[in-house]
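S.K.: These are the residues of each chain, in order.
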Amino acid sequence: MLEYVGKIRDIARRLLSENKVDVVIGFRQGTIPMMSEPAVVSRPEDVDELYWDYNCGINLTNYLTKRTDRIGVVAKGCDSRNIVTHIVENQIKREQLYIIGVPCHGMIDRSRILAALDGQEPTAVVVNDTEIVVTGPGFERKFNRQEYLQNNCATCIHRNPVVYDELVAEKVEEQKLDDRYADVKKIEAMSPDEKWAFFDKILAPCLRCYACRNACPLCYCPTCFVDESRPQWLGKSIDPTDVRTFHFLRAYHCAGRCTDCGACERACPVNIPVRLLTKKLNMDVEDLYGFEPGMVPDVRPPLDVYRPDDPGGFIK
Amino acid sequence: MMKGLLEYMGTEPGRLHFSWISSAESTKFVEVANTVAEEVKALGPAKHFIKEKAEVA
Amino acid sequence: MSEWEPKITAFLCNWCSYGAADLAGIGRMQHTPAHRVIRVPCSGRISPKFILAAFRRGVDGIWVSG
Amino acid sequence: MTSVIIAKSKLNDFLASLKSGYQVLGPVRQGDMIAFGPVNKAEDLALPYSNTRLSIKSVFFPQSERMFGYSLDKEDADAGIIKETPKEYPNRVVLGLRPCDAKAVTLVDVNMDNPQFQDPWWVKRRETTTLIGLGCEHPCSTCFCTSMGSGPFDETGLDVLLTELPDAYLAKSLTPKGDQLLKQAKGTDAASPANEKTAAEIKTKAEQTLPQLDTAKLKDKNMMELFNARFWERVQFACINCGACTFLCPTCWCFDIQDEVSKKAGDRIRNWDSCMFPLFTLHGTGHNPRDHKVQRVRQRFMHKLKYYIDKYGDGPACVGCGRCVQACPVNIDIRNVITLMNEYQTSAGTKA
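Protein sequences, first through last, are from chains A, B, C and D.
The opening residue of the first sequence carries number 1 in this note's numbering; numbering runs sequentially from there.
The opening residue of the second sequence carries number 1 in this note's numbering; numbering runs sequentially from there.
The opening residue of the third sequence carries number 1 in this note's numbering; numbering runs sequentially from there.
The opening residue of the fourth sequence carries number 1 in this note's numbering; numbering runs sequentially from there.
Excised from the complex, chain A in its bound form:
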């Protein structure tokens, strides 16, 4: 995706010098391999800071919430869907935005590559069409790109932006997948006790740093339920019940809104697969309401409206 960099800079330069926007939000190249930093540029001479590669997994919609200026924003498929969600939820106006659409090839999974390296430290990572070539002091390892995509990218069916003002390249072919929810169904097949034990295990390292919540563009509430004190819904320690309550409600608050951008999972400093929770809800929303979040700007999300034909099977 490196070929996008020049185009992104050209568009940003044009928008800023023609005074079409006040700022452009994109990514800056990271200071360590497989990372990049969200960045804002407001002068045409600074656009060369902007960058794009396989490590731009953070969702830039997160930086749009309640802004009042005119913004050029670089958006891959999932970002664009979250922009739609933001528009639906009145967090930003479409007229403020100039969306620089990026057809995405999927982001690479830093945590899995680091785990596979088992303590060896990469100093350079180059991604080509099929491979991820990782080099470090005294070693070179190659990984299959498709296998080491972030899990949400591997199961993504909306790689092209759904709204944009300009695309940086031709659209990419969308993936055709047999079953995007295989991992969820595997958990559903377990018995209640097995499920409980499974989630106890995956949530055990949680530090309550809230990186998953804060990386999420959906989490813009002024006061999060974990911070409420009258009443205080849950304790602040790392007691397993409190940790589980947090993860349960965080996921539930994303029901019918989550675009599976994977920012939460990418942000987690202790590698908890937090998407297993949101993905279950995505699957249910798709099954029950036939709804995919962030596709159309004028449709309210299903948990936001009542329709006479809403599924009611659970009501006695």
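Please keep in mind that the hints were generated in silico from the structure rather than gathered at the bench.
This structure is a prediction, so every number in the text was calculated from the model and none was measured.
The calculated lysine to aspartate or glutamate pairs, modelled on DMTMM-like cross-linking and capped at a C-alpha distance of 20 Å, are:
| no. | chain 1 | residue 1 | chain 2 | residue 2 |
| --- | --- | --- | --- | --- |
| 1 | B | Lys41 | B | Glu31 |
| 2 | D | Lys293 | A | Asp227 |
| 3 | B | Lys53 | D | Asp76 |
| 4 | D | Lys124 | D | Glu84 |
| 5 | B | Lys53 | D | Asp73 |
| 6 | D | Lys264 | B | Glu55 |
| 7 | D | Lys186 | D | Glu164 |
| 8 | A | Lys7 | A | Asp48 |
| 9 | A | Lys201 | B | Glu55 |
| 10 | D | Lys263 | D | Asp78 |
With chain A fixed as given, assemble chains B, C and D onto it according to the hints.
M.R.: Frame of chain A; chains B, C and D shown alone:
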């Protein structure tokens, strides 16, 4: 949806119930109240999601 | 106590199920004593937080009724 | 101070003798992370390793810790009386921590154990714990310890420093506590001057691989001008205000105290807190002096790199372990911030 996620995380189905009863349907109320109680009773005491003394150092 | 009885939190709508419960009482109908009723102005008032809060305090079951 | 050799083949003997007098903790594998956990045999140690994901601080200062308990039962004669929760302080050894972590512990001592205030739990745990550090032959690419007054073979805060030689560890005791431990330990042999020479070479070589950041000018900056510098806007943009950096940081010591009541008993618990959270400074009135993200981000860096230096005449309160560089979801790199702060032009004069 909420029931779905609770069950996904290991709470037994049958702990959470929803119903819709008009204020005139006292018989339905009694019926549902009894069914709910029976189902919960069959599951036995709740084991999970209970916050007792915090399990910390 | 000879037999274990569950504790169930029942969130009942003021206008519907709470009325039905009232009517059941007037009619002297017999039913299980397992429920602890919380009257809410509407079942739409129920937030997932309430349900988790009840579970966290150790109830065995929850019944939300409109 | 003595130096001995522990042959790798005798590591298990050494461990066994430690275990008779101490609980032994060390870097062990937990999932795909390395964390401090109980060590029973040499094979438990996740060696070689770069560093643990979380720092040593939880060994002395657990993320959540019960401080006091009380009863609310009216029948109880002691109802409403707050009592310290009894704790055990076994003799412990932490084997194989990195020197930067030990240095960090001494930086936190300034807060937890000073003439004015002594945190009883921190102090007791410090007294009963012996730290055996393992020098870093191959520092990580994100390490910058030598710039922060520490180093891959820094001895500050350690009781014993191990240097890995081809088939043995050279153990050098640095305190009476370390001396005593080595005297009682089995599996050790006398070290030769040749061993010492090899160790010194390894140390020099490791130090040379590390980058040098200039921090000398931080001390003399005008605090207010640095505080008002425009670069903070740029630094803070990407920040999502999670607490990953502060929770992973070995020198972040802030905590919050919460009462938790369950039925008829309550506990007073302290939990790590983070200056990244808006709740951290929220007043009871609803006013929040650090309401904006930029204020919180600035606080973290200013505290570590300026306030600490000004207040204690030491520091900075960073040891260059690079954990926050690795873990920040949005790649805010403290190394860049240090350079920005150090190079920022302020008028002369030290403190505002």
